[in-house]
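Please build the complete structure, drawing on both the sequences and the hints.
Residue numbers (my numbering), protein chains in the order written: chain A, 1402 to 1656; chain B, 1458 to 1628.
Source of the hints: derived by calculation from the structure; they are not laboratory data. There may be inaccurate statements among the hints.
Coverage of chain B stretches by chain A, computed from C-beta distances (three or more under 8 Å per stretch; other residues unrestricted) [as the list claims (entries may be wrong)]: (1) 1495 to 1502; (2) 1560 to 1568; (3) 1589 to 1603; (4) 1608 to 1621.
None of the values given here were measured: they were computed from a predicted structure. In this text, a Cβ means the ideal position worked out from N, Cα and C, and glycines have one as well.
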Amino acid sequence: MDDRSRENRFADDVDRMLAGGDVGPTETRGDEGYRSNMEFAHKIIECRGKPSLSFTQALRGRLLAKLAEQEVATERRRNEKMSVRGRLLGMFPRSPAWRVAALTVMVAVLALVAVWRLGLLAPTKGPVLTSPGPVAPRVAVQVSAVADKAAYALGENVGIRFEFRNVTSEPLSMPFPPLLRIVNANEEIVRSFTAGQDAKTFAAGESLTYDLSWNQRDDAGNQVPPGDYQVRMPMVRLAGGAVAGLEPLALTIRP
Amino acid sequence: MRNSREIFAGLYDEFMPKVYRYIHCKVNDEKLTEDLTSTVFEKALVNFASYSRDRAAFSTWILSIARNTLIDHYRTAGKRQHVSLDEAIETPSREPSPQEESEKRAETECLLKCLGGLSEQDQEIIGLKFAAELNNRQIASMLGLSESNVGVRLFRAVKKLREGFEESWNG
Chain A
1402 MDDRSRENRF
1412 ADDVDRMLAG
1422 GDVGPTETRG
1432 DEGYRSNMEF
1442 AHKIIECRGK
1452 PSLSFTQALR
1462 GRLLAKLAEQ
1472 EVATERRRNE
1482 KMSVRGRLLG
1492 MFPRSPAWRV
1502 AALTVMVAVL
1512 ALVAVWRLGL
1522 LAPTKGPVLT
1532 SPGPVAPRVA
1542 VQVSAVADKA
1552 AYALGENVGI
1562 RFEFRNVTSE
1572 PLSMPFPPLL
1582 RIVNANEEIV
1592 RSFTAGQDAK
1602 TFAAGESLTY
1612 DLSWNQRDDA
1622 GNQVPPGDYQ
1632 VRMPMVRLAG
1642 GAVAGLEPLA
1652 LTIRP
Chain B
1458 MRNSREIFAG
1468 LYDEFMPKVY
1478 RYIHCKVNDE
1488 KLTEDLTSTV
1498 FEKALVNFAS
1508 YSRDRAAFST
1518 WILSIARNTL
1528 IDHYRTAGKR
1538 QHVSLDEAIE
1548 TPSREPSPQE
1558 ESEKRAETEC
1568 LLKCLGGLSE
1578 QDQEIIGLKF
1588 AAELNNRQIA
1598 SMLGLSESNV
1608 GVRLFRAVKK
1618 LREGFEESWN
1628 G
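Next comes the structure, spelled out in structure tokens:
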């Protein structure tokens, strides 16, 4: 027998030994090497570790208890799904005839609602006069603001440049600078910059800039805490109902 | 018809000793073997509902979990501890026991240490054959070898192990 088939035969003999079968001398193929390997295989089998009875039983009990819990949890989840369906079906009487009748009524009601919503039931009328709703005020002065930074160190001076542009074809007049406010994340006004006493006249299409410098102090003179703030300009009403408005400018003071 | 608890219990009774032996021959520590065996079967339990006989025999499936559990253990515990053969043989038993038991224990220790001296693949083949009692076809599919190759490697691995054991045991 060549080496390769001897070596493969060895695995079969080991399998037989593991299964409790006897591998007698006639099956050791006669050569010393094979016989020694078979004897050693027997030793390996004898030296194998064995789990203790207490461990075996304890683990078995624990696993089966867990399996039971898993099954209960799975059953509960299944029942919860069914109960919703069950509740819906329970709204209808069990008899098929009643169910058909109930279903028909439901469909009819839904159809009526749909028809009513689409206005197909309403009788034709003449035109209805209604007064127009409020019209958004016309923006006459566009205001934009840019800070010199998005985030500032605590105590660092905050510089903001405002630009006011008359977007109409006529001159306009507005208080300058307008009232400006710094608001914190809780919508509380921490600092107000009062509007100028005099009004400024903008020619049509003219732009004016205004630089605001804020030392991060509130109206009481105290350093504001780190956080997010907004620079806001309350809407200014101009002549003829026009307004000047500003989108709030966000800035952050870092700790 | 058997319920899932009966099925799982039957599989546990059949395969737990094999998984235990396989892990024991790798880590050679009873407490650690028990912990890892528990982990293997707890993982098997969680995934038992999704286990399908069409994909793999239970033996192959549970042994794959055992191998992966060992890999995870080695990864978290660091490299495997290699104990010298001299230390292994001279390690005294802490508990008093009959002489035969003491010698048997020393023999086992020596055998496991010699096993640790073989290549990774030889250790795997011996572990999967003798501890997990897988046949050549199952071992081949787990290790990506041909069935014939497994047979050849097994014979040679046992020969190497035997020679190493004889050398260290007989001094």
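Now for the hints, and whether the structure bears them out:
no.: 1; hint: 1495 to 1502; result: holds (count 4)
no.: 2; hint: 1560 to 1568; result: holds (count 4)
no.: 3; hint: 1589 to 1603; result: holds (count 3)
no.: 4; hint: 1608 to 1621; result: holds (count 9)
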